[in-house]
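Chemist: Read off the chains here:
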Amino acid sequence: MTEAAPEHALLQELVAAFADGELPPEEAGVVEEHLRGCARCQRELALQQGVSRALAPGPARGASAALRLRVEQMGPPAPRRYAFLRNRSWAAAAAAALVAIGITGGSALLARRGQTSRPIAEIALLRDAVADCRRAMTRNFPRKADLQAVREGLEFPVRALDRPGAELFSTWKTTLAGSPAAGLAYRWRGIVVVQYVVPAEIVRQQPAVGTALRRKGFYAASERGQGIVAVLTDGSGTLLVGDAPPEELRSLTL
Amino acid sequence: MKAEPKRARFQSSILPHLDRLVALASRWAAGSEAEDYVQETYIRAWSAFDQLRDAGASFPWLCQILRTVIGERRRTRARRQQLVFVTELEAAHEEIVASDAASPLDDLLARLDAERLRDALRSIPEEFAEAVELHDMHGLRYREIAQVTSVPIGTVMSRISRGRRLLAGLLAVTEEAEATRGGGDTKESRCGIIPLDATSPGLRMKRNCDD
Numbered sequence: 106m107t108e109a110a111p112e113h114a115l116l117q118e119l120v121a122a123f124a125d126g127e128l129p130p131e132e133a134g135v136v137e138e139h140l141r142g143c144a145r146c147q148r149e150l151a152l153q154q155g156v157s158r159a160l161a162p163g164p165a166r167g168a169s170a171a172l173r174l175r176v177e178q179m180g181p182p183a184p185r186r187y188a189f190l191r192n193r194s195w196a197a198a199a200a201a202a203l204v205a206i207g208i209t210g211g212s213a214l215l216a217r218r219g220q221t222s223r224p225i226a227e228i229a230l231l232r233d234a235v236a237d238c239r240r241a242m243t244r245n246f247p248r249k250a251d252l253q254a255v256r257e258g259l260e261f262p263v264r265a266l267d268r269p270g271a272e273l274f275s276t277w278k279t280t281l282a283g284s285p286a287a288g289l290a291y292r293w294r295g296i297v298v299v300q301y302v303v304p305a306e307i308v309r310q311q312p313a314v315g316t317a318l319r320r321k322g323f324y325a326a327s328e329r330g331q332g333i334v335a336v337l338t339d340g341s342g343t344l345l346v347g348d349a350p351p352e353e354l355r356s357l358t359l
Numbered sequence: 012m013k014a015e016p017k018r019a020r021f022q023s024s025i026l027p028h029l030d031r032l033v034a035l036a037s038r039w040a041a042g043s044e045a046e047d048y049v050q051e052t053y054i055r056a057w058s059a060f061d062q063l064r065d066a067g068a069s070f071p072w073l074c075q076i077l078r079t080v081i082g083e084r085r086r087t088r089a090r091r092q093q094l095v096f097v098t099e100l101e102a103a104h105e106e107i108v109a110s111d112a113a114s115p116l117d118d119l120l121a122r123l124d125a126e127r128l129r130d131a132l133r134s135i136p137e138e139f140a141e142a143v144e145l146h147d148m149h150g151l152r153y154r155e156i157a158q159v160t161s162v163p164i165g166t167v168m169s170r171i172s173r174g175r176r177l178l179a180g181l182l183a184v185t186e187e188a189e190a191t192r193g194g195g196d197t198k199e200s201r202c203g204i205i206p207l208d209a210t211s212p213g214l215r216m217k218r219n220c221d222d
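Protein chains in written order, with the working numbering: chain V, 106 to 359; chain Y, 12 to 222.
Quick caveat, the hints were computed from the structure, so don't treat them as lab data.
Every residue gets a Cβ at the ideal spot worked out from N, C-alpha and C, and that includes glycine.
Careful, some of the hints might be misleading.
Cross-link-like lysine to any residue pairs, in silico, SDA-like; alpha carbons within 20 Å at most [as the list claims (entries may be wrong)]:
hint, chain 1, residue 1, chain 2, residue 2
1, V, 249, Y, 17
2, V, 278, Y, 79
3, V, 249, V, 227
4, Y, 17, V, 135
5, Y, 17, V, 278
6, Y, 17, V, 329
7, Y, 17, Y, 65
8, Y, 17, V, 272
Counterexamples of contact, computed for chain Y against chain V with all Cβ distances above 10 Å [as the list claims (entries may be wrong)]:
hint, residue
9, 51
10, 64
11, 190
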């Protein structure tokens, strides 16, 4: 073994990256220069290239047609085109009627459905819940579903949803609108629904949410395809967040 | 300029990766189970789509979500087969590249076989296997692997380099163990590992109980 120079320890780590074309030019130049005079690193290079080449993928099985269809249909349903609006006179009449109904009429309609037009971003509890949900979706749901552990230290009851088909798979503690909260994630009808449990008072204090709760007993909203529902249950407030219309999410609380 | 609707953006930037993601999920599970993982990945990707800032980075982003989904769903199911001794494999690799004679390396390169290497990937530590697979089998760049696995790019570089060395070492000791077995000797190999099942064509190895 004639090339046992100390630089081996450093350069050996770089040979793979050199073989993969991942080194910046100056470092690649240093490795290339070293390789010219070092049989041992030349063998390392051949080995790295050989293993990489042998592992290179052949034709792989793709997604099934059924999966492709499910994924293509993902998201909220495409907006419906109402046939009567294609008729210009009907469209003009409808527009005039909408103007006549105005904001108050629209608000009353939304309120009747327990919904509000106030943007979610303006309501601290909902904004924090949606942000926490998105964080969990992309980064990491805690691996355990441990209701007992998540209840510890919380001064309000935390009850999991008890609906057929809702499978609890993760629990965690978080903070929403400055208040401690419990997060519970479920698989339900092919989607993930997150339940946040917070003190009832926190829910009542939220603008628009408190009003809807007093009037209709629940709050419902949707934003960019994501449904949000708030209800009060047994001294706690529950928020449900998921990629489903709020009416569907609400069925989980009934 | 009016923003392209979310659904259209999702379909143009995320859907093209479906086949690649199923292939990647097949690393952990087969058939419908792999597709279940992918479906959940797409559900979460849809929910969090607004967080994707660079459409060009959508595949590593999906890989990251898939990795999370699989981590949650397979918490009790070990993918790893019995691990072999890393230090022994490194010694075997060292012997190959340190030898001035061409034959050990040439022999090894001539024997490199995709099926055996893929089987061997299950016997080396997960962090090395994952980095090698993501690069060599799924075509991710180092910086993408760093993003997917949440480690610095230098760590990725080291894991890929070391992972391939371990694979080469494992093939070498397996050949040696098989040669020994073929000679009627079922005692331990030089590297302290023996075939788990003498009838198995694969590379399943176990620790030698005498150690």
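Chemist: Among the hints numbered above, which are violated by the structure, and what are their numbers in rising order?
Modeler: Hints 1, 3, 4, 5, 8, 9 not satisfied by this model.
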